[in-house]
Each structure stands twice: as C-alpha cells, then as structure tokens.
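Going down the list, the sequences are from chains A and B. Last residue of the first sequence? That's 282 in the UniProt record's numbering, and every number before it is there in order. Last residue of the second sequence? That's 267 in the UniProt record's numbering, and every number before it is there in order.
Wrong hints could be hidden among the right ones.
DEER-style ranges, computed between Cβ atoms [to be verified]:
1) A:K58 to B:I209: 39 to 49 Å
2) A:A172 to B:I209: 13 to 23 Å
3) B:I209 to A:K282: 50 to 60 Å
4) B:L30 to A:Q90: 40 to 50 Å
5) B:L33 to A:G73: 42 to 52 Å
6) B:I201 to A:D117: 17 to 27 Å
Everything labelled a hint here was simulated from the structure, so no lab data went into it. Glycine residues also receive a C-beta, built at the ideal position from the N, C-alpha and C atoms.
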Amino acid sequence: MSIKLEHVTYTYSPGTVYEMHALEDVNLEIRDGQFVGIIGHTGSGKSTLIQHFNGLMKPTGGLVLYNGENIWGENYPLKALRSHVGLVFQYPEHQLFEESVLEDVCFGPKNQGLSPDEAKERAKEALAQVGLGEEFYSSSPFELSGGQKRRAAIAGVLAMNPDVLVLDEPTAGLDPRGRDEILDQIAELHSVRGITIILVSHSMEDIAKYVERIIVMNKGKVAFDDAPKEVFSHYRELEGMGLAAPQITYIMHALKEKGIPVDETATTVEEARVSILKALGK
Amino acid sequence: MIRDITIGQYYPADSILHRLDPRVKFIGTLIFLVSLFVSNKWEGYLLATAFLGAMILISKVPFGFMVKGLKPIFMILLITVAFNLFLTPGTILVQFWIFKITDAGCLQAGKMAIRLIYLIIGSSVMTLTTTPNQLTDGLEKLMRPLTRIKVPVHEIAMMMSIALRFIPILMEETDKIMKAQIARGADFESGNLIKKAKALIPLLVPLFISAFRRANDLAMAMEARCYHGGEGRTQMKPLKYASRDLAAYGIMLLYLAGSIVIRILGR
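Bound-form chain A, shown alone (with noise of 0.2 Å):
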C-alpha cells in the first residue's frame, strides 16, 4: 500500500503568458503507515503536490499511483481514492456549511453511500478523535472557536475513515495550545489507528519533533527527501530556499563550536537535553 509519483510535472495554464510549473518531475513513494512531512517556502508546490496525492489534480505530465495502480487510467474509482486518501485543505474550516457539527461531519460518510446511523457513528468517533465532545453535536459550526473548528473540519475528513491523512497546514492561525493540541491527536491517529500522515508545515520545531521523514520541496523539485536529521544538517541550504533548521539545531551547532561535545543533528528540545546532560557529565 503505497502513493507513488513518478516523473510528476504540472504547468498551470500552459501556452500563456500566465504559464507557470508548480512542479517538475516529481519522483517521490510514501508508504504506509509513514509519518512524513513536507516542507517548503511559499509558492514552492507544496500545495500543488498535496492536491496529486487524492485525484484533485491531474499532472500535465508523469504518473500518480496509489498501490500501484495509475488513478488516471481508465475507470479507476477516483471517488474511492478519496476516501482512501483524505485532504485537509488549509484553513479547513472554510468548507463548513451545516447547521450542526455533527451533521457538517456527516456529509463525508454520507457521500460515501453510508446509511444516516452508520454516518452519524462515524462522525461521533472522528469528533472523539479530535477532541469534540458530545456538548458539540449540535452547535451551530459558525459558533465554535477558531481552533475547535478546525477540529470539525479535520473530523469531517477523518469521518469518511481514510487510510492516509493529507493535512496542509493544520495549525496556521492557532495559537499555541490549540497548535499542540491539533498536532498530538494527530500524531495519536498515527500511532493508534495506524494511519499514515503527511503533514505540510512551515514549523521547523513542529516537523521535527513528530515526523519520521522530510520532503524539501524548492521551486517545484524535491531538493531533499531523508529523516529530519539528515535534512536538518543541511540547514546552510534549507536557509538558500528561503527556510531554516529547528532553532535548537543552530544551539546546538553553536555550542559545538565552543567546545562543548554535544551532538550537533539534535532536532528536538529533548534530545538537545540529553545531549547537553550527557556532555557537561551529569
């Protein structure tokens, strides 16, 4: 089970003036069960790659895959893919549109051919999952908070049961508990149900401390695809394309050049602590 891009190219408007590539021969295959994250600066097609990912956009060149079957081939069941496949778009909860949160979560298993009751299990598990308890069923969705209509909006996508988990973004515009609080049951629905995520992040600190791979994505190519320390070292390059290592990275670089004998690809705080302990010997 597995996406896998092969020589993916996509122009927006090709043959005028407004042509652009958002990508150029994109090779890249996420397996299941992975935790990736993909990073890149604004504009380097990071949002364009998501949207191949489920069938929402065709490349203009190159194949997509999902278990090694071509989505573009002829009767391939793009509407299954999506729901193998779920995309949280950014800012997600610009799509509500119900009267109640609990129907809004409805709409995806619905679509899904469930019947009500079955739809309305589904939705109530996914609102568990992201932190909504049954004092929401029946709020309006335009009456929640900022960061718990996020949540029902990540619900509506995790209500159809998707095997992968594509977010963009989840937590721009949160603060940073709401940020936390979104990224760990994120990282719950990994660990727990199993599912994989990729997860597009402008956060250093965020991808680093949960993710197990790093997708670097410049002007339309993958400039790095490795573990995050791996992608971290490269941090005088990341820099080059307008992005950074996790602050503690450069302490931790900092610290080395003054003699300290710490180990410089830490990633996270913890680690950085560990090492830190580990070379002042206590």
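For this one, chain A is given, so just place chain B on it according to the hints.
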C-alpha cells in the same frame, strides 16, 4: 473550468493599446459599438472588420483570448439568429411546416450575428487591454459631470472597482471550497437538475460566508485608512491625456465618419 471567463480579465502585454488612456478606450469601444449599428451595408461591415482586425493586431493579445469571450453568449447568439432567420418577412426561400426562411431573413440573421460577435469581441479588446482599476478610473472621470445632478459617481466607481477586484478572489475561493468538498466525497457533476442544485449547498454556504467576511474586513480596512467617500479625494495616478490619446481620438472619429459616409452613400 472556472478560469475560462475572459470578460473582465486583463491580459498583460506591452502594446500601444495597453498604454492608451482608459477614457479613450472606453469611448473608442462605444464608437465601435455605434458604428456596428450605423452600418447596414456589407461595405460598412468590411470597414468594421478591418478596424477590429487592426485593433486586435496592435493589442498583441492572442486571438484565442478574444474568441473565448464568445462562449457564454453562444446561446443568445443562436436564439437571435434563429428568430431573425425565421421571422423576417420577405421572399420565401425554403419552407417546411410553419417555418419559413426568407432571403431578407438570411441577410438579417447574418448581420445580427456579425453585430453581436463584433460587439463582444470589441468590448473584449477593451477589457483585455485595460486593468479593471484603470477602467473604473476612466469611468469615474468620464461621469464626473453627473455629480452636479447628484449622481454619486465616486461611490458607483468605487463599488465597481471593488466588485471587479473580488471576481478573481471569489473564483479562487470557489475553486478551493469545491476541491475541499470533492475531497469529502461531494459530487457536483452527476445526477439530475434537483440533485445538482442540492449538491451546490455545500459550495454556496461557505462561499457566501466568506464573501461577507471579506466584505466586512475590507470595510474595516477602508475605515481604518480614513476612507470617507469621494469628496476631496485625490488620485495617485491622475489620468492625463497624452498626444497618442488625442491621435487615437482622431482615428476613431475618422473611423466613425467613414462608416457614416458608407451608410449615406449606400443609399
């Protein structure tokens, strides 16, 4: 799919038409439209064709973009042609059941089709070479005299430029919401008319909410920058006629005179 609407879509290029004063282009378009109705002879249409062709050539906008604007009026065009074809009295050429096609009908239908097509392409030339902001600036200046009879010219122009500015934003928003709902399994394409209309609810509700939110934000931002209507407001780039604008007026008047002369001589 949504990107295919050309009316009100600026095509950036560097041509003399792009640099002309928007007032010239607006009046020029009006003159062209008038000339289409002045002409009732083939010579007149020939002149209009030559003029339009020349304009398209100087505008440096690919011809395909002009024709794209015709798509939405295709049905109207078809109906107009059909009415003219079947309902104009004259010598009957073909007749079946209650339908008759007359020689005058053919002529009339051809003329109407040409007029409509040229009308759309003519206005497309203007909208493709003028940014919406320039256009409203030009309109505001042209309608300035109407303020004397208490027409809120500035407010109308401001409303127009805001509306125009929001078209691409709302189109993008529609695209985004549509995709988000498709990702949740929504189906906008299949089913009968009622089903299709129902399928639009998940698209329209968020779209309206977002439009109201944006309107609210914009009003707030305008007030925060002390906007209080047109009185005493100056422009960053005031419109001033250059010599090329005057030359353009001259060419247009010559063209109009030409088509009037053809009409009179044609009798």
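Inset, instruction - Provide an ascending list of the numbers of those earlier hints which the structure does not satisfy. - result: 1
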